[in-house]
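With chain A fixed as given, assemble chains R, D and E onto it according to the hints.
There are 4 protein chains.
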Amino acid sequence: MIRVAIAGASGYTGVELIRILSQHPQVELKAITSRGQAGQRVDKYYPSLRRHCELIFEEPDPDSLAQRVDLVFTALPHQAAMDFVPELLQRGLKVVDLSADYRFRDPNIYENWYQPHKTPELLSRAVYGLPELHRREIHSANLVGNPGCYPTSVILALAPLLFGKLIHAQSIIADSKSGVTGAGRGASLTTHFCEVNEGFKAYKVTEHRHTPEIEQELSGVAGESVTITFTPHLVPMSRGILSSVYANLKNGISESQVSEAFQSFYLDAPFVRLCGTEVPSTLQVRGSNYCDLGWRVDERNRRVIIISVIDNLTRGASGQAVCNMNLMYGLPEGLGLNTAPWQP
Amino acid sequence: MIRVAIAGASGYTGVELIRILSQHPQVELKAITSRGQAGQRVDKYYPSLRRHCELIFEEPDPDSLAQRVDLVFTALPHQAAMDFVPELLQRGLKVVDLSADYRFRDPNIYENWYQPHKTPELLSRAVYGLPELHRREIHSANLVGNPGCYPTSVILALAPLLFGKLIHAQSIIADSKSGVTGAGRGASLTTHFCEVNEGFKAYKVTEHRHTPEIEQELSGVAGESVTITFTPHLVPMSRGILSSVYANLKNGISESQVSEAFQSFYLDAPFVRLCGTEVPSTLQVRGSNYCDLGWRVDERNRRVIIISVIDNLTRGASGQAVCNMNLMYGLPEGLGLNTAPWQP
Amino acid sequence: MIRVAIAGASGYTGVELIRILSQHPQVELKAITSRGQAGQRVDKYYPSLRRHCELIFEEPDPDSLAQRVDLVFTALPHQAAMDFVPELLQRGLKVVDLSADYRFRDPNIYENWYQPHKTPELLSRAVYGLPELHRREIHSANLVGNPGCYPTSVILALAPLLFGKLIHAQSIIADSKSGVTGAGRGASLTTHFCEVNEGFKAYKVTEHRHTPEIEQELSGVAGESVTITFTPHLVPMSRGILSSVYANLKNGISESQVSEAFQSFYLDAPFVRLCGTEVPSTLQVRGSNYCDLGWRVDERNRRVIIISVIDNLTRGASGQAVCNMNLMYGLPEGLGLNTAPWQP
Amino acid sequence: MIRVAIAGASGYTGVELIRILSQHPQVELKAITSRGQAGQRVDKYYPSLRRHCELIFEEPDPDSLAQRVDLVFTALPHQAAMDFVPELLQRGLKVVDLSADYRFRDPNIYENWYQPHKTPELLSRAVYGLPELHRREIHSANLVGNPGCYPTSVILALAPLLFGKLIHAQSIIADSKSGVTGAGRGASLTTHFCEVNEGFKAYKVTEHRHTPEIEQELSGVAGESVTITFTPHLVPMSRGILSSVYANLKNGISESQVSEAFQSFYLDAPFVRLCGTEVPSTLQVRGSNYCDLGWRVDERNRRVIIISVIDNLTRGASGQAVCNMNLMYGLPEGLGLNTAPWQP
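Chains as they are written, first to last, in the working numbering: chain A, 9 to 352; chain R, 9 to 352; chain D, 9 to 352; chain E, 9 to 352.
Chain A extracted, bound-state conformation (with noise of 0.2 Å):
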């Protein structure tokens, strides 16, 4: 059994993975940490969670989970992540972060689009968390930077024709929409009910952080440098990510090899299902670890369109770290993750 703990616990990544965890077969959740609700049981704050979990937040404190557990999972806000995600290492624990803190190799860009890095040096032994990429990395990693929520559906949309060299690298636009989990469960104008129900809107157009994120990754792939025109919106539901990203195909490239590049490169991936032509709804991922993709190509003017979904907290977020910690541990990908998506 992997003793594992949480750090940051009491919000909607936190509690997705007790959910997870609470029935992976192979795990014991020994601890979760939370500097507002230490001292409250967990179920008193997420009811849903009676008898599935019974633990206490604690206030974090790296010797005690030093004794107690081999990983941690790190759910804390940028730049907190960065002050305990070091204590950890150090005490000889395996980390999987959920923050962006360790998602970047070169800390000029972290810097550029976040604040000064603390642990810059820490950059080159942490590994991008996404296994369909980097699935070897992961494996040997004592600290894993686990993937955005965007970034996730927009790489995962791309890699293989990049990979196969069939679309302009300087071409691509990702639209992409997200539910309301993705903002995370503060309290704000922002995500009361009343301002996003019924609504729909674009927000930090042209300036969001998550576009260095899928650049990194997408040069990674291509073997050259990506630029990308990103665009998130705020869709009015709980859960799920679609990503309509668009691409300019290159001479000759029809849409057979398109779908070849697609099947070739998700051959063995166990939560990526392509669905070719006929294009994916967020509801049939919901739930789950699932990234679906589907694609058409528009001849009219030579554009590939990809709708790639995902459940932002699942594959975006939580089901991606127990994913991540399988690896790193040597144990199918999948286990404890392979339950059906919830629909309706």
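The set of hints was computed from the structure by calculation and includes no laboratory data.
Please note: incorrect hints may appear among the correct ones.
Derived coverage of chain A by chain D (criterion: at least 3 residues anywhere in the stretch with Cβ under 8 Å from a Cβ of chain D; other residues may be distant) [unchecked claim]:
id, segment
1, 188 to 201
2, 240 to 254
Pulled a few chain R residues facing chain E out of the computed Cβ check, cut under 8 Å [unchecked claim]:
id, residue
3, 189
4, 193
5, 206
Since we're looking at a predicted model, the values are computed, not measured.
Ideal placement from N, C-alpha and C gives every residue a C-beta, glycine not left out.
Showing chains R, D and E alone in chain A's frame:
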């Protein structure tokens, strides 16, 4: 392994059964039938099920089912069930029927509220499948009439108080609110998104057919005839029922006696969670087989208000049906049903 | 032209007042106040109002308002209203107060459910602003206590039956369901989209402060003391209240007597629409000042069930406030309020 | 007073027309037709309209209409419009047609994307009813082809930039998202609440029939042939369209030139509101005839992103139709349409 089939598997209770059974450790799902979808793969029809179920809908054929399975879940419309269930029983199959056709002991009541019954003689053999009331009879039954969704939520709210004779049996009002999956998957103006969304309404006031079903079971528990007022409402959400149940307390009955009645009645119930005065929300049971119950006494006019929440598709239909199957085979009541609710 | 101001204009009832007043043919909206937003243009804060209102939020100042306006709508929190309203009255202004501070005739009841009252002597001068009950007194009032949203829906459902002595006054149960705007615009976990969406819950069971307000008015109509059980619920939608109201019919009272009572009581009411046994949905009154009423008799246990729907922001707050202003100035009750509801 | 009728008045655009026309000071609505609902009072069918419209649906009869009205709004399905509109024109009536049948100048384009056209000779007489582009021609038209909902939002987003030659005409991608009223009121699985709610999906990728309509108008403005990629999506909300439109800026074009283009193009447009870099939400135009536009330049790859929002039923259909009627009769463009949007 129990070999099972689902008849009428293309609706919402059907797909919920497939979702649950696909992760049940003691079940092999061998066949699914649907007249309308016969010949189609279920994971084409419900893409969420890809990699979880590869069965093809087939025409319902009792002989063929009898050769391949031990038990059939019949998720057919009222009246269609009456035609099919006897065929299955004759061939030695066990049946859990999700229609109303085998829920009533008295054929007259059924006929007053529904239509003529074709096999009234079977009603005395059928067991009403509410485990908290009829666990033992279910264990030895071949035919279980699986309870309606509203009745499940209302009966569980009142059984302890009527059993303990704490309330006036003729004072009961049940004001229930359901998500839209309760109306089934058939396309109609009633379930059109824009007719439901941003609205709230009551329907079938004073004439909903779940009324006599609730009364039958409550009368049994109370040991006297119970007549209730029942009003269903439609909530703009997919899953969940909340019933607000009102009754007049008998003289001298205190809030603590009410609490004790709930605690002793549900002492060993794996799927009832008692919340006391912290009344529950439907969100905390979504996707699960739980019924969560809270209550308060209004001392100003000596009424007790019980708030009861379930997921109408799981506890109110398919989850409870699997529970009944477990009991029929002597398995633990919660086998295959022990995942945490979906939140958020 | 009536010159008016709105104090506390930045919340949902404030912006609803601006929306309505901006199309009122006899009103000039001269000032809007908000401590939090002072200095900001309202159409920056609510972009929907561009080209409809160009006012700038100002600090509340009774002297300044007295020089510019005739009447003030105070949309302040309870207690803040008590501080501000007397200042306005002293300067000769008329006031329609949307808080609870001037709704009660008996200061003891207010103090039992709210807090100490600072100007109890004003309570006898204030008129409860429900036109269907107090049209004449409103006409000559300087201070109107605008009714709460739930009370508006419940009182209108019961007044004809209590006035006609058709029901037992102690048998009343009001089960009410409200959209989320009823909780105001303040950011909190309670109104977070993902805590509300896809869920349904009751709150403040047995202890909601609208209870004594309903009882005061019903007692007045009935000519005897009325004590009710009132349970509010939260619906995942923005606007609308539906109240399901239950009462025991007196001996010999028939459904047609019930219908006649409604028809004669609301004979000349421009904003009550009677639906008979076709019980109404909240969607049919959205954005309007209507209260639509339907009813049915449950002969099996001699109860009447009344279904009452309003838009909580319009009829339950700002529309009714404008109605009261119209009456205070001898204008037609519906002036500026006669647009059709929003459907779909 | 203009005497008008609505043919095909039972759908969502029909009831929206009734809502708007019922408060228009220069219109008398004399007749509404519907084959399906003939004989029924409209306020029985749409209870929201009680006290606002007491008409009875009648069978469509051109002779009868010609005796009673001056203008007909035809809200019929494509193809049905083609049969009925010529009958009306022959009898000297003016027509605003809300179908696609009279939007195209080139019958070949219509026939490629729709079906054979029965009266192609009328196409040259019909005017495309987008006031910002064709105000003068509408003024003298007898037949207006009212624009599609998506085209309205996309064309208004791009016209200033194509007119000013600031963008590459072949680089345009329009990623549009619509509420569910856009799918009409017909019952189908596609519009079932539980198939839409909590999900987000794209549909008709590369093949939606609004594509050539957008291209026709953009080509006209640009003075060159424009081919676009257009992807529609379905948002779980009732009303609203947001289009995110992408184009490559020509060399040397700056963000301020983009802003100036919008400002000069829409200088006198009563129903276009410019938001600059504060990109708009659909909520701020709900229930109104506004198109709100915001834009940003992505300097990293020299693209402009325009966010365009409308209410699909008002600006995208019925409100714009009334606007066109106003222009046809020399009335102020906004007469009867000047109420503030619905928020929240």
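Verification of the supplied hints:
no.: 1; hint: 188 to 201; verdict: holds (count 9)
no.: 2; hint: 240 to 254; verdict: holds (count 3)
no.: 3; hint: 189; verdict: holds (5 Å)
no.: 4; hint: 193; verdict: holds (7 Å)
no.: 5; hint: 206; verdict: holds (6 Å)
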